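Visitor: For reference, the chains in residue letters:
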Amino acid sequence: MECQDPITAGGQMGRVLVVDDVAVVRKSIRATLANAGYDVVEAENGKQAIRILQEQERAEPVPINAILSDLRMPQNNGTELVAYFRRQYPAIPVVVLTAYPDVELAVSLMRQGVMDFLVKPVLQNELLAVVKKAVEQQGRGKQQG
Amino acid sequence: MNAQPKSNGSNGRCTCQRGAEEALCESEERFRSVVESAIDAIVLADQEGNVISWNRAAHRLFGYTAEEVAGKPLTILMPARYREAHQRGVERMRANGGSRVIGKTLELHGLKKDETEFPLELSLGTWKTKDGTFYSGIIRDITERKQLQDRLIQAEKLASLGTLVSGMAHEINNPIQGILGMAELIVDETDPATIKEYTQDIIGYSKHIATLVHDFACYARSNAHEDEVEVDLCERLAEAVKMVRRCPHFGAVEVVTQFQPIPRLRARRVEIDQIFVNLVTNAVQAMDGRGRLEVATQSQSGTLTVRISDTGLGIPKELRRQIFDPFFTTKEPGKGTGLGLSIVYQIVNKYGGTIGLESEEGQGATFTVQFHADNRREETHDGVPGPYYGRRADGACAGSR
Ligand SMILES: Nc1ncnc2c1ncn2[C@@H]1O[C@H](COP(=O)(O)OP(=O)(O)OP(=O)(O)O)[C@@H](O)[C@H]1O
Ligand SMILES: [Mg+2]
Chain C
67 MECQDPITAG GQMGRVLVVD DVAVVRKSIR ATLANAGYDV VEAENGKQAI
117 RILQEQERAE PVPINAILSD LRMPQNNGTE LVAYFRRQYP AIPVVVLTAY
167 PDVELAVSLM RQGVMDFLVK PVLQNELLAV VKKAVEQQGR GKQQG
Chain E
816 MNAQPKSNGS NGRCTCQRGA EEALCESEER FRSVVESAID AIVLADQEGN
866 VISWNRAAHR LFGYTAEEVA GKPLTILMPA RYREAHQRGV ERMRANGGSR
916 VIGKTLELHG LKKDETEFPL ELSLGTWKTK DGTFYSGIIR DITERKQLQD
966 RLIQAEKLAS LGTLVSGMAH EINNPIQGIL GMAELIVDET DPATIKEYTQ
1016 DIIGYSKHIA TLVHDFACYA RSNAHEDEVE VDLCERLAEA VKMVRRCPHF
1066 GAVEVVTQFQ PIPRLRARRV EIDQIFVNLV TNAVQAMDGR GRLEVATQSQ
1116 SGTLTVRISD TGLGIPKELR RQIFDPFFTT KEPGKGTGLG LSIVYQIVNK
1166 YGGTIGLESE EGQGATFTVQ FHADNRREET HDGVPGPYYG RRADGACAGS
1216 R
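In order, the protein sequences belong to chains C and E.
Under our numbering, the letters of the first sequence match residues 67 to 211, in that order.
Under our numbering, the letters of the second sequence match residues 816 to 1216, in that order.
Only chain C is shown next, with the shape it has when bound in the complex (with noise of 0.2 Å):
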């Protein structure tokens, strides 16, 4: 029922990208979210995920409509990383999704333009909810620029 290559996928409801160094937690937010009708690009680092999103950008047709992004990775900072989605793609709204709730950092990062910070475990609909705003926010930000 997953979609192996989510990039051929047709989801109605927008592509997310998903940031995350554990398969698991990659796994069930691509089924939930799948089942919800969206498209999966799975990243397991920042280094994968920046390459997406080149790669996205110059095969113009489906853009990015969301990221969501772990913040703890091996490879790099995922603090770094969020800014770095931020001053590159403005347009493409981020929501953290870490496993450590730690609201100095939620509130920096919300000042940097971070739309939303989750806290795992998070339930199916609080996500769906979360993504969904981010998408139609995507959305409205391309009507108007």
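Hints listed in this document are in silico derivations from the structure and should not be mistaken for laboratory results.
All figures in this text were calculated on a predicted structure; none of them were measured in a lab.
The reader is advised that the hints may include incorrect statements.
Distance ranges between label pairs, derived from CB positions [unchecked claim]:
1) C/Gln203 to E/Asp1003: 23 to 33 Å
2) E/Arg1061 to C/Glu146: 18 to 28 Å
3) E/Ile854 to C/Thr145: 46 to 56 Å
4) E/Arg896 to C/Thr145: 45 to 55 Å
Quick reminder that beta carbons are idealized off the backbone N, C-alpha and C, glycines included.
Assemble chain E with the ligands onto chain C, guided by the hints.
Guide: Same frame as chain C, now just chain E with the ligands:
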């Protein structure tokens, strides 16, 4: 300042005449005034270990005047628990003229006239004349330094607790995210094969979490014992490797252990843990996810040796001295505080141990920590075993045996 080893008068003044002898007297005089005005306490003793010279700083520090201590045994300046070892040392010196403490700086405790104890640093020297062997001791009060050290150690402990908690959150909340996600998916899933797959994931990750919590609990529990206990260095080293392994940056590092059964060391477990966790963390950080971490223990003629080697980027010669300084770090801001090795150094020193480093740039580094197996006998304060003596409180902990 009386009772000089070679002085011609009890008032300490020279009563000499002219020429070379005069010059000698002058230099003796000069020497004496330097000793007198020194900030550190300077104490001279004869070969029986009786005080023959005592400067002003010694008076200030211990509370005894020069007259009060002249001819008295040095043992009145130390807590009872050191006296036997001291006596043995003096006898050993007299018998074969050698001692492992001469020329070294020791951290011990002193006893003031008013019977209060204080931490001190002692550099021992010895010299021989035709009248026999004499000892010199330069003594510095290190109460403040100790307090600062304790505060630093405490701060670092809190910092590593913070790292531990966030590590634990990461370790536990990720699989829980998976479990919750899978469970919610099952509710709406109709395909039996998918349901089965998700259920198996849930079982697997639940077991994984149970193991994690168990390990963390064991680690935290062992840290809670603040008193000195008989510490099994092999066990603590293995635990430290296990803790550091949980960090995401551990990557694909291969671990090789070579443990020999070694005597226990009397120490505070949390401090031994700090030594090992800091050294192993540094080693792993130096390898950036790839390489071999070797940890080994060994015991030989009363010396306990712990070796931690990595195949990481190594330490350039010009940095060898600095790396033990507080706040010296080559890591990017936010990655390291530079306190790790300075804390290691302080703790090792506190237990009378030594730390050595071998490294070739680009070829990795080996840190060697050594303790005297008998540190416990000399340091056992009251002869009563500590509350956890011999108790295998952690017998049930995974990995501790
Ligand atoms: N095994 C090692 N291999 C290479 N360099 C090392 C090793 N251990 C320590 N160093 C060097 O010594 C420096 C000081 O180490 P120290 O543990 O005191 O601080 P840190 O690791 O930088 O920060 P902290 O331990 O506070 O997180 C390091 O920044 C690093 O340059
Ligand atoms: Mg360090």
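Visitor: If any of the earlier hints don't hold here, list their numbers in rising order.
Guide: Of the numbered hints, all hold.
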